[in-house]
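Trainee: So the protein lines, in turn, are chains F and W.
If you read the first sequence in UniProt numbering, its first letter stands for residue 1, the second for the next number, and so on.
If you read the second sequence in UniProt numbering, its first letter stands for residue 1, the second for the next number, and so on.
The hints are simulated quantities; they were obtained by calculation from the structure and are not laboratory data.
Since this is a predicted model, take the numbers as computed values, not measurements.
We put the beta carbon where it would ideally sit given N, CA and C, even for glycine.
Among the hints, erroneous ones may be present.
[To be verified] Simulated coverage check for chain F against chain W, where a stretch passes if three residues somewhere in it have a Cβ under 8 Å from a Cβ of chain W: (1) 74-81; (2) 107-115; (3) 382-391; (4) 429-442.
[To be verified] Taking CB as the label site, the calculated pair distances span: (5) Lys400(F) - Ser2(W): 28 to 36 Å; (6) Tyr322(W) - Trp351(F): 45 to 53 Å; (7) Val419(F) - Glu145(W): 29 to 37 Å; (8) Phe363(F) - Phe157(W): 54 to 62 Å; (9) Tyr322(W) - Arg360(F): 51 to 59 Å; (10) Ile121(W) - Gly426(F): 15 to 23 Å; (11) Thr37(F) - Glu144(W): 55 to 63 Å; (12) Glu145(W) - Gly317(F): 20 to 28 Å; (13) Val229(W) - Asp445(F): 28 to 36 Å; (14) Ile121(W) - Lys355(F): 55 to 63 Å; (15) Leu272(F) - Phe291(W): 52 to 60 Å; (16) Ile121(W) - Glu314(F): 53 to 61 Å; (17) Val229(W) - Thr37(F): 54 to 62 Å.
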Amino acid sequence: MNALDLARWQFAITTVYHFIFVPITIGSGFLVAGLQTAWYRTNKEKYLRATKFFGKLFLINFAIGVVTGIVQEFQFGMNWSSYSRFVGDIFGAPLAMEGLLAFFLESTFLGLWIFGWDRLSKKAHLATIWIASIGTLVSAYFILAANAFMQHPVGYEFNPDTGRAELKSIVAVLTQNTAVSAFFHTIPSAFLTAGALFAGVAGWMVLKGRDPEAARPVMKTGLIVIVVSFLLVGITGDWSARIMTKQQPMKMAAAEALYETKANAPFSLLTLGTLDGSKAVFQIGIPSVLSFMSTGDFNGTVEGINDLQKSYEEKYGVGDYTPNIPMAYWSFRLMIGFGGLAALFALMTLWYMRKGGLPRSKFYLRSTIALPFLPILANSFGWIFTESARQPWVVFGLFKTADGVSPGVSAGSVLFTMVTFTLLYGVLAVIEFGLMVRTIKVGTDMTPVQSGESKTLTMAY
Amino acid sequence: MSLNSVWFILIAVLWIGYFVLEGFDFGVGILLKVVAKNQAERRAVLTTLGPLWDGNEVWLLVAGGATFAAFPEWYATLFSGFYLPLFLILISLIVRGVAFEYRSKYGKAKWRNSWDNAIVIASFIPALLWGVAFANIVRGVPLEESATGAIEYAGGFFNLLNPYALLGGLTTLSLFVTHGAFFLALKTEGDIRTRSNAIGIKLGLVTAVLAVSFLGWTLAALTSKTSVVTGSLIVVVSWLAALAANYKGREGWAFLFSAITTAFVVITLFFGLYPNVMPNITAGGPGLDIFNASSTQYTLKVMTVVAAVMTPLVLLYQGWTYWVFRKRIHPNQIANPESGVLDSIHA
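Let the sequences and hints guide you as you build the complete structure.
Mentor: What follows is the structure in structure tokens.
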């Protein structure tokens with residue numbers, strides 16, 4: 001493997017890993033804020049116990065999300081210096097804005113929330129978790145806008161003198177539909193993820209009889225959040241797919257392993273292709289659904305991979321413009337599949353719970369613990385799809401991934417850092433998971449809240 | 001003033017923010033096992049950083065992001081060139097952040113001790129390496145123009161470990177540890193406070209020797225611009241003020257002056273650098289300055305508006321956090337210091 005392949009692996013590993021924690025943080029922040037608001041409004045202790053307990057889970061995750069995020073900010077310069085030079089005039093701006101508008105807000109107000117229980121008024125303390133949560137949304141918007149530029153570059157001009165892309169309209173970069181649709185697709189997925197974490201953990205607590213008073217409302221809320229979020233994710237996913245078909249038709253074709261251009265194109269459930277991925281051997285599909293997904297018309301024509309490859313060669317010169325088809329095809333299906341499975345499970349459970357009942361089988365107890373992993377997998381496959389099916393481009397139609405790597409960094413250096421990051425991330429994952437499980441087992445803190453002045457700090461490291 | 005100069009100043013401001021703030025929290029991390037002898041003291045020390053360290057670290061992220069936005073060529077050359085030191089810093093910051101959050105979850109001595117060691121080492125490495133990195137930037141590094149016109153770093157890892165840069169590293173290390181001691185003296189009560197004050201004065205003298213040698217070397221060998229001379233003098237004067245305040249037991253003033261000193265170390269280095277951002281060590285060779293490394297005027301304008309609106313706001317609410325958590329922490333305020341929240345499962 002050369003430095004390019006290794007740098008791509010490093011980006012994939014560190015980014016997918018980072019994004020395990022990001023959606024949990026975004027969604028959980030709001031859910032914890034909701035629980036605390038319930039406590040603030042009703043003064044019922046069960047909500048306070050739930051706030052503190054789920055707050056702990058939220059923070060264990062947040063710690064890893066934060067520290068792995070630093071790598072993201074530096075990685076472009078370290079491994080992708082040619083990319084950074086080429087797009088820096090455009091791409092750096094949303095990153096810097098993210099830091100100035102969002103990171104400061106999140107970190108400062110979350111610090112206030114964690115340590116401010118006995119330092120702030122009840123109202124001000126509640127406000128801090130809401131502000132920190134809003135910070136996560138702002139952060140998501142800017143980084144998705146930066147990514148949207150890579151999917152569909154707008155608001156720029158290529159300067160032949162410098163050989164760089166130059167920003168012409170920041171408004172275009174920040175408001176293009178690729179960014180907006182990605183935001184409204186990603187945020188509900190984050191809520192789905194957090195909903196699944198909360199519902200899964202609370203469901204286990206309810207079934208095990210551990211503080212069911214506090215856990216049951218969380219379980220129900222989590223399940224409803226899953227179902228509603230899944231609907232929103234579906235709607236905005238559909239919207240995104242149409243935008244994608246227009247802007248990156250090759251990606252849509254790859255998602256479907258559609259080799260030949262077709263009207264009434266089917267959405268396939270299973271494709272077995274030749275090993276080189278150049279054509280399909282066997283497909284099971286639902287007629288016309290792909291046409292509808294990508295054009296909004298069941299009779300619409302969807303361009304196939306082979307035609308697109310030809311037209312790209314005419315436009316961009318000789319080369320391979322086809323992404324890894326099996327990867328695109330399967331990651332797209334796994335994204336939808338895992339998300340759908342979580343929603344189905346949530347619906348089923350809500351049905352059982354409709355008259356104050358509960359599903360009681362052993363199978364259910366096990367599934368509820370597995371629930372949080374479903375959206376996490378869906379999120380990961382979603383990003384694997386979006387990024388891998390854009391290849392060979394890093395900025396679609398403008399700049400190839402192969403041209404973006406740092407020329408001065410040796411394969412050995414990238415290998416060394418990649419292995420170290422992977423090992424460290426692996427160890428952290430084990431520790432993090434262990435702490436989560438233990439925190440869940442320990443459960444809510446049932447000692448009654450003390451009133452009056454206390455000599456000791458409510459929160460200490 | 002050109003927007004390029006404005007952004008040079010803003011980048012300097014971000015690094016000042018970063019080193020003044022995370023400087024003391026590196027120092028606190030390094031001193032953890034020296035000033036805190038038992039669990040209550042360790043946790044009191046870490047709790048002084050609790051609500052602050054993450055916000056402090058964001059200054060680094062924003063400095064990185066802003067350099068990317070305003071001076072992409074600088075960002076690209078610096079980050080790909082100083083690859084291994086930056087990697088070591090990243091690893092340290094990852095371990096440190098997680099260690100703060102996780103170390104007191106269990107009461108087990110082995111668990112806590114491992115994380116404490118991690119905190120000490122992961123605070124030590126960046127405190128040293130940031131100085132090494134900045135000294136190298138000021139000194140100049142081997143740079144070459146590539147076929148595509150990019151100015152790339154042309155040295156190796158060991159080029160960065162020259163005596164001048166190492167002295168720079170020791171200077172920031174010693175400065176940050178002292179700054180951390182002054183912070184702890186201001187923020188704690190009891191034995192930690194006494195020990196921090198005593199360490200502060202001793203390390204303060206070491207820092208004085210290191211800083212004077214480092215700045216003297218800078219003036220003698222690299223640049224003797226009036227601005228650098230002035231900056232160096234302010235560093236020396238404010239450091240003496242910090243030491244005097246510490247000696248007199250005026251902890252607030254000692255910390256304020258060590259913050260000013262840290263700020264002026266950064267200012268002096270940026271004075272020395274201006275208008276370059278990454279000079280070539282070989283005179284006349286290709287190098288990066290605020291013009292050939294910068295973004296277009298349009299991007300700089302956009303970012304100037306954003307920075308002008310947001311920076312005061314950030315300073316305001318971050319300042320408020322420091323106000324909210326202004327009280328000193330005494331080890332006896334830590335409830336059940338020996339046990340962790342995950343030690344036992346409630347019935």
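Trainee: Determine for every hint whether it applies to the structure shown.
Mentor: Evaluation of the provided hints:
1. 74-81: This one holds; 6 residues, not fewer than the three required, reach chain W with a Cβ under 8 Å.
2. 107-115: It holds, with 8 qualifying residues against the three required.
3. 382-391: violated (count 0)
4. 429-442: holds (count 6)
5. Lys400(F) - Ser2(W): 28 to 36 Å: holds, 34 Å
6. Tyr322(W) - Trp351(F): 45 to 53 Å: holds, 51 Å
7. Val419(F) - Glu145(W): 29 to 37 Å: Holds, at about 32 Å.
8. Phe363(F) - Phe157(W): 54 to 62 Å: Distance hint for Phe363(F), Phe157(W) holds at roughly 55 Å.
9. Tyr322(W) - Arg360(F): 51 to 59 Å: Hint holds: Cβ distance 52 Å, inside 51 to 59 Å.
10. Ile121(W) - Gly426(F): 15 to 23 Å: The hinted range 15 to 23 Å holds for Ile121(W) and Gly426(F), with Cβ atoms some 20 Å apart.
11. Thr37(F) - Glu144(W): 55 to 63 Å: holds, 58 Å
12. Glu145(W) - Gly317(F): 20 to 28 Å: holds, 27 Å
13. Val229(W) - Asp445(F): 28 to 36 Å: At 60 Å between Cβs, range violated.
14. Ile121(W) - Lys355(F): 55 to 63 Å: holds, 58 Å
15. Leu272(F) - Phe291(W): 52 to 60 Å: holds, 58 Å
16. Ile121(W) - Glu314(F): 53 to 61 Å: holds, 57 Å
17. Val229(W) - Thr37(F): 54 to 62 Å: holds, 58 Å
Of the numbered hints listed earlier, those contradicted by the structure are 3, 13.
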